[in-house]
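Chains as they are written, first to last, in my numbering: chain A, -17 to 321; chain B, 5 to 804.
Wrong hints could be hidden among the right ones.
Claimed, not checked - For lysine to any residue, the following SDA-like pairs were computed, each having C-alpha atoms within a straight-line distance of at most 25 Å:
| # | chain 1 | residue 1 | chain 2 | residue 2 |
| --- | --- | --- | --- | --- |
| 1 | B | K624 | A | T83 |
| 2 | B | K483 | A | T83 |
| 3 | B | K503 | B | I636 |
| 4 | B | K35 | A | T223 |
| 5 | A | K165 | B | K547 |
| 6 | B | K663 | B | M604 |
| 7 | B | K547 | B | V606 |
| 8 | B | K483 | A | E221 |
Derived by calculation from the structure, the hints in this document are not laboratory data.
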Amino acid sequence: MEEKLKQLQEEAAEMLEKVKDSKEVENIRVKYLGKKGALTEVLRSMGSLPKDERPRVGQVANEVREHLEKAINETRERIHEDALEARLMKETIDVTMPGQTPVQGSRHPLTQALDELKEVFIGMGFTVVEGPEVETVSNNFDMLNAPPNHPSRDFSDTFYIDENTILRTQTSPVQVRVMKKNKPPIRVISPGRCFRNDTPDATHSPMFNQLEGLVVDEKSTLGDLKGSLEIFAKHLFGENTQTKFRPHYFPFTEPSAEVDVTCFKCQGKGCPMCKGSGWIEMLGSGMVHPNVLRNCGIDPEKYSGWAFGMGIDRIAMQKYGIDDIRLLYENDLRFLSQF
Amino acid sequence: MLVPVKWLKEYVDININTDELADQMTMSGSKVEEVRHWGEGLDEVIVGRIEKITPHPRADKLVVAKVTIGGKELQIVTGAENIHEGDKIPMALEGTELPNGVIIEETFFRGEASQGMMCSPDELGIPKHMVPEEFKGGIWILDPDSEIGKPFTEVLPLVEDVIEFEITSNRPDCLSVLGMAREAAATTGMELSPPQIKLKEEGIDWSNDGAVSIEDEDGCYRYVARRISDVKIEPSPQWMQQRLIQAGVRPISNVVDITNYVMLEIGQPLHAFDAEKIVDQHIIVRQAKEGEAFKTLDGVERKLTSNMTLIADAENALGIAGVMGGEESEITDQTTSIILESANFNQDRIRKTSQELGLRTEASSRFEKGMDPELCLLAANRACQLIEELGTGKINAGVLDQYPKPAKCFQMEIRPEKVNGLLGTDLSTDEMIDILNSLEIKAEKSQENIMVTAPSFRKDLQQEADFIEEIGRIYGFDKITPTLMKGDIMVGGLSERQKMEERLKDTLAACGCFESLTYSFVSPSSVDAIRLPKDSFKRDFVKLLNPLGDETSVMRTSILPNMMEVIARNIHRNVPTGRFYEIGHVFYSELEETADELPMEVTELVIGIFGKDEDFFTLKGIVQHLLEKMGIKQISYEAETNHPSYHPGRCATVYADGKLLGTMGEIHPIVGKNYDLDKDRCYAAEINGNLLLEMASVKPLYQTLPRYPSIVRDLALVLEESVPVKSIEEIICEYGGDWLESFELFDVYQGNQIGEGLKSVAYTMTFRHTERTLKDSEVDQVVQRLVKELQKQLKAKLRE
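One chain only, chain A, in its complex shape (with noise of 0.2 Å):
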């Protein structure tokens, strides 16, 4: 009997070995160990063995079935694997072949390049305020100091509504705006669209967008203008950005100064964007003068302000390297969706 079970164990391992799926596996399990199964067959002839022997062909039988059970798992197991890594290998694709992109809108280039303008300024304590396009003669020129014969008021370089109401130049207005209405301390930037009757070409468009800022305080001086701006281009342009103010004039600031910053296509080298300079001219800028503080009603005895403007489609222009202004208004998708 005993020979017998070994008998049936090997025959048994021997079908294992070579079952290709589950279905010939479970046929096995039912030939051997199934209710009328061979070994169950065995097991039910027990009895006819002299008693003594039973313990041992019963432990026989039982290592006999754990061996069996163990060898249909891991067969089992085996063909699950097998069957899975078919499965993979038949799932292949070509990972060469493209994906599917999500489709994303942008900002426009110029809300981009005022959006990282932006973000300095508000790191450093500044309000965004902003006004009207058609603003009036008074608060575009007059409080803003602009001599009453100042050619910007002419027809030839602003664009009017009617005498007293025009296209705004600059966003200085919004700042006026802002002294009339509000005390000092005055930290605040005012971006927008601005004006001027020139006929498009390259590098000129009617329309252009304005950063301006104003600080008003006691005791602010032309060092703190310096300061803040050195800030300002360093984090826009990187740590190793120079600044360079140069004296100037502006009827509204006194005094004023140009700000001209290492050219950030070549470091300061020179190279054709900043004509061989190294500098590339940024900003205007200077203390407000004492007349447009008396014109908002703030008192230029106790306090002092500075002020700065740049424009963002020329900042725009160098940073992204576009070489016509014209493009930046014609909303063309293949230029918009290169930012």
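Chain A is already provided as a structure; the job is to place chain B on it using the hints.
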């Protein structure tokens, strides 16, 4: 302002090179536009003489010239037309490299050898403004006395550094070599030595014979006249011509050149009249008569107005003050005596006169910036000195000088602590005084303060800040220590509305929309293109008085036309698909209720899409998603069949909380046609940006996650196709009960299986109780009630 450096050095001892000077001047406020080193690379060009000119045997437009250059004769083929036998010309020989990079070689033109080249001003790299009119487009013909074989640059010594300065409008005193010398002296710390004027007057005092009367004292502040006799009109000497050329002025003849020279040197425009043409030698400065006709020396007959100031004699007008002289009194080759005018006029008058006449001259552009009346006599005398020195004429004794109200110099006290306070410096009072003195601003200590007197030529110095700037810029802005802002810490940032606008832009970008920016001004016909009705308030434009053209003559009342242009431009450029949005102002002629009384400006958002995969519902999806992200609740869409810009069957009005938020739909094909769009369908949404940004509110509040299972029921209804799903959904909302968590339309079907005029609409509904597990039977009851209601109200049947 072009300043030849050698000329500048006559008045100030500059011991640094030109580039360094340019840098320093820029940093003290005289911005250098360009430094030009004229004549560089022309060393090898020499003087030649044309001996003989013969036609080219095989070319009509060419000639063959024999040219001698110091003992050697060359054959040159040229197409130049302004050359004659005997002319002396600049010659580039074989091997010479010209400034434009061309290296001259022996070449053959139709078989004739050319052993060099006669040079045009262009080939010599001489800019157009420096070229006498007669040589433009031809060869530069040299002075007949030029020595053959000599280097060209010695004959016409253009080799010179010239700095071009940008002069700001507040500094007309810098529009002269002397003015720039003053700046250079203050900048470099060197002494200024202005020209010393010594006059040799002759004969009896003419001021007894002649006279000057200023009748128009508002128009003329000072009038100085001097008389010169025995005048001989001829070309001015080479050195003077060259200086004029370098400074950008064309030489004409000695008298004119001298007046121009003095204008460049001192800044004061001068004018020379033929003395014999002036009745009684009596000059009258008066207002022009309204409509008075006058022929200026450019030969143009001009109509004057009474706002203009005239120089006249008892009978005739002689010149328009400060703008241009008259043809009648102009000096000619026959002139033998002249009266030289050196006057000062009202700058605003000059500006208006020049504008009204459309006549801008070097003189008018200087006078309109405001000249110093103190210069009049100095300039007249300086011109006389040159006239006398150059043998141009004899200076008559006596000066006529009418100066009714001599200008007063501005004086004030400035406070050193205010100077340091504004600049952020720590300068001593003495340092401040030294700087001011270097600019010829008289400065003296006055107890704690400094008493300053502005020189007559500095009308821009009118208050403390102006003097502070002078101290700051000469001390050097670059030396001022950068500091940080003091005072209270301030929290910057965006307003709630600005934050919402940021969110809007982010959301639309995530929806695949690209932001477009277009002009705020449009053509008045733009509202025709989008078919706005004749009585639309959007036709009531804010108009520009002086637009660039009709296309940009009114402020937009809608962004839709701009969006249509963007879409059409992209379609015409074969862009297959696109999603755009623009958020910006529109302008209504109705006035704001503020003291400014400005036109109303309202923020509008327009979304525009096109492409084969786009339709009404892709647009609506964008709008829905945007409104959801902006936290706008209670949205409803209603069919709009009457909007002229949109397809009558594919247009909806959008409401939020009962308020009209906007309109969206497929663009009407006629509108499309107005933008040259034939088959392409496009879709747009116009949304009231003000309302959207005001209503937007994003305050997320956590809702407990469900703890009990949900029960899902599908509901397929068959009803008449004209019933909008909105009606079904209203009933679902009303009769769905408290447990209805959500529902979603998942299928709409029309076709054979359900019959003509009907449609099948299928919803998935999810029910859940927050505190216990629902029973199927409970939900079934709700659904049954709902179905009954749908049957009753909409004649809907459950689909088999």
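Status of the hints after comparison with the structure:
1. Taking the CA atoms of K624 of chain B and T83 of chain A, the gap is near 22 Å; set against the 25 Å cutoff, the hint holds.
2. As the CA atoms of K483 of chain B and T83 of chain A are separated by approximately 54 Å, the hinted pair breaks the 25 Å bound.
3. Our distance criterion of 25 Å between C-alpha atoms is met by K503 of chain B and I636 of chain B, whose separation comes to about 15 Å.
4. Pair hint K35 of chain B plus T223 of chain A holds up; C-alpha atoms about 21 Å apart against a cutoff of 25 Å.
5. For the given pair, K165 of chain A sits about 35 Å from K547 of chain B by alpha-carbon distance, which is inconsistent with the 25 Å threshold.
6. At roughly 20 Å between alpha-carbon atoms, K663 of chain B and M604 of chain B fall within 25 Å of each other, so this suggested pair holds.
7. Between K547 of chain B and V606 of chain B, the direct Cα distance comes to roughly 16 Å. Compliance with the 25 Å bound is thereby established for this hinted pair.
8. Restraint check for K483 of chain B and E221 of chain A: satisfied, since their Cα atoms lie roughly 20 Å apart, inside the 25 Å limit.
Violation of the numbered hints given earlier is confined to hints 2 and 5; the remaining hints are satisfied by the structure.
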